[in-house]
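Residue numbering for the sequence shown follows our numbering, starting at 1 and increasing by one per position.
Be aware that a few hints might be false.
Okay, derived cross-link-like pairs now, EDC-like style, lysine to aspartate or glutamate, Cα gap no bigger than 20 Å in a straight line [stated by the list, open to error]:
#	residue 1	residue 2
1	K152	D64
2	K205	E17
3	K152	E288
4	K336	E367
5	K33	D69
6	K199	D239
7	K295	D159
8	K16	E45
9	K223	D127
10	K205	E58
11	K266	D244
12	K190	D244
13	K205	D244
14	K34	D69
15	K266	E285
16	K34	E45
17	K169	E367
18	K33	D4
19	K33	E45
20	K16	E189
21	K169	E189
22	K223	D38
23	K205	E189
24	K257	E288
25	K16	D4
Here are the computed distance ranges between Cβ atoms for each label pair [claimed, not checked]:
#	residue 1	residue 2	range
26	I130	E40	43 to 53 Å
27	H100	S191	23 to 33 Å
28	N117	I339	32 to 42 Å
29	P2	E186	21 to 31 Å
30	V60	P175	26 to 36 Å
31	G59	N299	43 to 53 Å
32	A241	N182	40 to 50 Å
33	H100	V60	45 to 55 Å
34	T344	V20	36 to 46 Å
35	E196	A241	16 to 26 Å
36	T344	Y118	33 to 43 Å
Hints are computed from structural coordinates only; laboratory data are not their basis.
Note that CB positions come from ideal geometry on N, CA and C, so glycine has one too.
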Amino acid sequence: MPLDVWIAGVGEVPCKERYVGMDFREMLYSAAKKAYQDAEMTPAEIDGIVSSGMDFYEGVSITDSYTPDQVGGRLKFNTLVSNDGLNAFIHGYMLVRTGHFRSVMVTAYAKPSNILNYPEIVLNTFDPHIVRPLCPHHYVIAALDANAYLRKNNADAMDLSLVAVKNKKNALSNPSAAYAENTTVESVEKSGYVSEPLKNGHVAKLADYAAAVILTSDRRHGKVAVKGVGQALGRHSSDLASRDWGTASWARFAVSKAFGQAGIKKVDFAEVAEPFAHTELMVLEALELEQPLLKMLRNGGFDVHGQMPVNPSGGCIGMGYPLNAAGLQRLAQSVKLLISGEWTTCLTASPDGEVVDAGSAVVLSREV
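My request is simple: use the sequences and hints to build the entire structure.
This is the structure:
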């Protein structure tokens, strides 16, 4: 019979535009040390390591071969998930749920400050025959998605600015945030286009970051319960012409799976990895809220003290976008917010990349 799974501890290295004199090994060590302290556990109690890493981002092959030692995984089971950190978390969850592993650590890090040609790196993740020869900047693809969303929902570009302002202000109370700002919609609207309708203020800036999360089937160590998980693909084609623009198709499937497993239909708050402002809105559509989404946004329903707070931590726009570590970043924030005692249940969701129609969702509960 599958075992119940809890989160025993989380640790993170705060987001920064650039960490000088601290490489990714030291960042992971620091995050793992904090996670062990939070869980009141030792490396000897960990049975395996699941790492999220992307060789494209690091410029080396088999990225995870450099990560186990500094997080307490020497000579233990270790595997790499070349995908978003929340996807890696689900892999770790499944390992513990089988009963073959009592406790597993999931790690993710990003050091985009080391990348000199990030747009080219993203370009090389596209289909080499259909998309890559067109040399599109990923901002252009994101803008097409944003424009389609606005048209489909009779929305205005100012709605994207409302999301950005909300998240930047929320981040002011988060010590892990790199881009917190007490800004206004007018200021974001004047920030200049990166690709219409997206403004500079609608885009999450890159950040160096590392996180470690300990999963366990030992209830004594459990702080937050993992109630449900879901991972899904949207369109199964790399051809942009067949994409369902303006919709996060993956979110509907992933959220439905997570809610179905958890046996609930709504949560107290959500943490969504949003590389762009419209990403947050597209994912929220999957929640099938009781009130129209845009009406809730405009009336402050997604604010910290609204009916359904979204990204009370500041999200990626307020904290910084740490590439493949974004999902684990959102999960770490979710756990901290649940432990604070203000909320009981949470949905954590993250796409597999900035313009990828695939992603993961996890339902968490403070009631263990």
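### Query
When the hints from earlier in the document are held up against this structure, which numbers fail?
1, 6, 8, 9, 11, 12, 13, 17, 18, 20, 25, 27, 29 and 33
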